[in-house]
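There are 2 protein chains.
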Amino acid sequence: MKITMIGAGRVATHLVKGLHACGYKIHQVYSRNLASASELASTVNACAVNTIAQLDKNVDLVILAISDQAIEEVAHQLSLYLSDVLMVHTSGSTALNKLSICFRRGVFYPLQTFSLEKDVNWQSIPILLEANSDQDLIQLKEIARNLSNKVYCYDSAQRLSLHLAAVFACNFSNYCYDIAHQITQEKQVDFSLLHPLILETAQKATVCTPKEVQTGPAKRHDEKILQLHEHILESDLKQSEWLALYCLMSEQIKGIH
Amino acid sequence: MKITMIGAGRVATHLVKGLHACGYKIHQVYSRNLASASELASTVNACAVNTIAQLDKNVDLVILAISDQAIEEVAHQLSLYLSDVLMVHTSGSTALNKLSICFRRGVFYPLQTFSLEKDVNWQSIPILLEANSDQDLIQLKEIARNLSNKVYCYDSAQRLSLHLAAVFACNFSNYCYDIAHQITQEKQVDFSLLHPLILETAQKATVCTPKEVQTGPAKRHDEKILQLHEHILESDLKQSEWLALYCLMSEQIKGIH
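Protein chains in written order, with the working numbering: chain A, 1 to 257; chain B, 1 to 257.
Honestly, the hints are just simulated from the structure, not real lab data. As the structure is a computational prediction, the values presented were derived from the model and not from experiment. It cannot be assumed that every hint is accurate.
Repeated chains share a single entry, so a pair holds when one copy, or any two copies, can fit it.
What the hints assert, rightly or not - Below, in silico cross-link-like pairs of lysine-lysine (DSS-like), each with a Cα-Cα straight-line distance of 30 Å or less:
1) Lys187 to Lys57
2) Lys150 to Lys224
3) Lys150 to Lys98
4) Lys118 to Lys141
5) Lys224 to Lys25
6) Lys224 to Lys118
7) Lys254 to Lys219
8) Lys118 to Lys254
9) Lys150 to Lys219
10) Lys219 to Lys98
11) Lys17 to Lys211
12) Lys238 to Lys118
13) Lys98 to Lys224
14) Lys219 to Lys118
15) Lys238 to Lys187
Full structure from sequences and hints, please.
In structure tokens form, the structure reads like this:
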């Protein structure tokens, strides 16, 4: 089985490495930036290309691991060259029908946050699949199951809901860590003291209902502490954005009964 | 060594259990609510009391594990009865001098989120200590080191900074999990699919700089996805509070360079 990867960013990089480790042949890696394509392709003995005309039609699967905004346009260009090949995108919030220009289309969405700085354990990453034919869905399932123990068939609406939830659970919680990190930097206290707290809070969310284990001054309606924290954010740290977030979060948490 | 616990809430409960497991004698547990005091006291063969006049003066340490707002007033009442006893509070944001009515005073702040639903591993919980005398600080260190491998001496200002950071890292990230959980409930998709993402995001914050590993549609300035998510929050879920948070978070994340 030969696979071509469109894209050389974070998702593409981790997918290429994961698929290669499972024994799949990565045939070509495409990126508009040839250096990026070459860097990734060289890790798995693939060919790097930076024009669509260079893409080999003789492959079994093309994976579009590119920004959501580019999917429709790139799929349109690809479909002119690779009309019979199964094409899948890797986006949580992009519907399958954005690939409707492709005769054989699917979705291969790994529900995880990927950074170039850190390896991932593919086996534990949920992969959400969709395809416009049963036969192609079976093929995607086989590939996904070689990568991961957690393979699910979700339609575009379900996947979108899960991706929206993921933005809160991952992107926004990471932004909270970022602010916490910056506060400790500014005040010269040790961020690593928060590590057990961060891990425990996350771990707890996997075994308890988050609402039921909400803690903190806002949950306790501890107005004096809330005012003290707001004062530090405003007058000491002079961080009006963090203050706005602190106030909004606290107001909403106070509303939890 | 005999210890009296003032309070029977989450912090008091976990501290009583942890100290008892380390071999410390919990002598009395005080709560205005006798049933709460009795329930906790019975787990460690301590006496439950609900009036300050019943407190035994012959103890080595009194721990005030009560709401931040009550610390000053309760310390005032206690100091009339227990003038020679070392008294500590367990609050992150309350200064040591809020106990200035007490001749021997200190802080014993365990930096963790405590729920009655879930046991904790005391050994990994940072404990931040402060006292107004070197001798009492030595005594607190000894107790803390029996509980935990991570014992630090932090002054009130440093502790306050760390607690403010902890509100972002823990309370606010948990609220993000809560919203994610509610979205999955409303849309009838499986919250447990987000568990690996939640754990990976938290784990990554302990090995990378959170700002450097920020991901998501806001970080990518993916306006179409942002609009799509905002539309779901507003028109489909009809959750104006979550929408306000989504917009504020996204705006701030977009500002990260």
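Checked hints:
1. In this assembly of identical chains, Lys187 and Lys57 lie within 30 Å of each other by CA distance neither inside one copy nor across copies; the values are 57 Å within and 40 Å between.
2. For the identical chains of this complex, Lys150 and Lys224 are inter-copy neighbours only, at 29 Å across copies versus 46 Å inside a copy, given an alpha-carbon limit of 30 Å.
3. In this homomeric assembly, Lys150 and Lys98 come within 30 Å of each other (Cα to Cα) only inside a single copy, at 25 Å, whereas the closest approach across copies is 52 Å.
4. Taking the shortest alpha-carbon separations for Lys118 and Lys141, only the intra-copy value of 26 Å comes in at or below 30 Å, while the best inter-copy value is 37 Å.
5. Taking CA atoms no more than 30 Å apart as the test, Lys224 paired with Lys25 passes in neither setting, with 61 Å inside one copy and 34 Å between copies.
6. Only between protomers do Lys224 and Lys118 lie at most 30 Å apart by alpha-carbon distance; the minimum there is 28 Å, versus 41 Å within a single protomer.
7. In this assembly of identical chains, the alpha carbons of Lys254 and Lys219 lie at most 30 Å apart whether taken from the same copy (5 Å) or from different copies (29 Å).
8. Proximity of Lys118 and Lys254 under a CA criterion of 30 Å is satisfied inter-copy only: 23 Å between copies versus 36 Å inside one chain copy.
9. With identical chains, the CA atoms of Lys150 and Lys219 are at most 30 Å apart between copies only, with a shortest distance of 27 Å across copies and 35 Å within one.
10. Taking identical chains as interchangeable, the C-alpha atoms of Lys219 and Lys98 lie at most 30 Å apart only when they sit on different chains, with a minimum of 22 Å there against 43 Å within one chain.
11. In this homomeric assembly, Lys17 and Lys211 come within 30 Å of each other (Cα to Cα) only across copies, at 25 Å, whereas the closest approach inside a single copy is 38 Å.
12. When the C-alpha separation of Lys238 and Lys118 is checked against a cutoff of 30 Å, the pair qualifies neither within a copy, at 33 Å, nor between copies, at 37 Å.
13. In this assembly of identical chains, the alpha carbons of Lys98 and Lys224 lie at most 30 Å apart only when taken from different copies (13 Å versus 51 Å within one copy).
14. Within a single copy, Lys219 and Lys118 get their C-alpha atoms only as close as 34 Å, which misses the 30 Å cut-off; across copies the closest is 18 Å, which meets it.
15. Taking the shortest alpha-carbon separations for Lys238 and Lys187, only the intra-copy value of 13 Å comes in at or below 30 Å, while the best inter-copy value is 39 Å.
Hints 1, 5, 12 from the earlier list are contradicted by this structure; the remaining hints agree with it.
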